[in-house]
Amino acid sequence: MNIQRLDRTAIHPRLPAGATRAALTAYGPERADWGVVVLPGGGYGLTAADREGHPVAAAFAEAGYAAAVLEYSVAPDRWPLPLLEAAAAVAFLRRRGAARVAVCGFSAGGHLAGCAANLWDAPEVRETLDLPEGAARPDAAVLCYPVITAKPPFGSVVSYQNLLGEGAPVPAALCLENAIGPQTPPTFLWATVADATVPVEHSLLCAAALRQAHVPFELHLYPSGPHAMALADARSQGRPDQQDPHVATWFPLCLEWLKGL
247 MNIQRLDRTA IHPRLPAGAT RAALTAYGPE RADWGVVVLP GGGYGLTAAD
297 REGHPVAAAF AEAGYAAAVL EYSVAPDRWP LPLLEAAAAV AFLRRRGAAR
347 VAVCGFSAGG HLAGCAANLW DAPEVRETLD LPEGAARPDA AVLCYPVITA
397 KPPFGSVVSY QNLLGEGAPV PAALCLENAI GPQTPPTFLW ATVADATVPV
447 EHSLLCAAAL RQAHVPFELH LYPSGPHAMA LADARSQGRP DQQDPHVATW
497 FPLCLEWLKG L
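If you read the sequence shown in the working numbering, its first letter stands for residue 247, the second for the next number, and so on.
Read the hints as simulated data drawn from the structure, not as lab findings. Just so we're clear, the structure is a prediction, and the values are computed from it rather than from any experiment. Each residue gets a CB set at the ideal place from its N, CA and C atoms; glycine is no exception. There could be a bad hint or two in this list.
What the hints assert, rightly or not - Simulated restraints on C-beta separations:
no.: 1; residue 1: A414; residue 2: P498; range: 15 to 25 Å
no.: 2; residue 1: R277; residue 2: T255; range: 21 to 31 Å
no.: 3; residue 1: V446; residue 2: P498; range: 16 to 26 Å
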C-alpha cells in the first residue's frame, strides 16, 4: 500500500506553526472518487492515531479510497489551529486528485470533523490559507461518537478546555448544534447508547439539528459498547470490550452510504 507522510509545511505552506508536530499520513491512491481525512480522538489533548487513525485510513484505502490521517494540533495549541489544519488537509486531498472529500472523526476528532464540515468558510480559514473557492468544503462528514456540545448536562468539558484554554468562553458555533445549516454536507453518525464518556445525547442533538436544517443524514445507534471503539474489530487493537462484530457494521454501512451520495 502506498503510504506518504507529510509535515505541516507540505500540507499547506501557510499553516501557522504550533507546539504540536502536526502531520498528515496519506494512504492508498492519489486519484479516487472519494478521499477521506481521518481525524482521531483524544479530547484535544492528544491524537489517538494508532487506534482511531491509521487502522481506519488503511481500511478506507483497502476499499479504494484516497485516505489520510491528520495528527492535528492539540493542547497547548488552541483554536483555530486544528480547524486550519483540517481545512488544509481537505484541500490537500482534493488537490492531490480526490474528486470528492469526506471528513471522518472520532470523539473530539468528530468535533473537529464537524467543525471542518460547518466552519470551512470561516474568516480564519479564508484569511490564513487563501484557498480556492470551496476547496476546504467537505462533501460529506462521518461523525463517530462525536463531541458536539459544551452545554450541560452532557457537554464535554475537558475537550473544550483543551481546545480553548481553561475558563475560556465557548463560541456559539463550536457547539455544533448551533453551526449546522444549509452549508452542512450530508452526514453519517454513529454512537453507542452505553458510551459513558461522550453520551449518546451528543449524536442525538446533532441529528436533530441536521433534521431541522434539512441536511441529509444517516444515524446508527448501537445499544452496547464503550467509548473509543474505532473500527470495533481487531484492526483497531482495542480492549476485548471495544471489539464487537455488531458495532463493527458501522464501517461497511458507511462505505455503502458514501457510495450512494
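Hints, one by one, checked against the model:
At roughly 40 Å, the beta carbons of A414 and P498 sit outside the given window of 15 to 25 Å. The supplied range of 21 to 31 Å is met by R277 and T255, whose beta-carbon atoms lie about 23 Å from each other. Under the hint 16 to 26 Å, the C-beta atoms of V446 and P498, about 22 Å apart, fit the expected range.
The structure fails hint 1 only (numbered hints given earlier).
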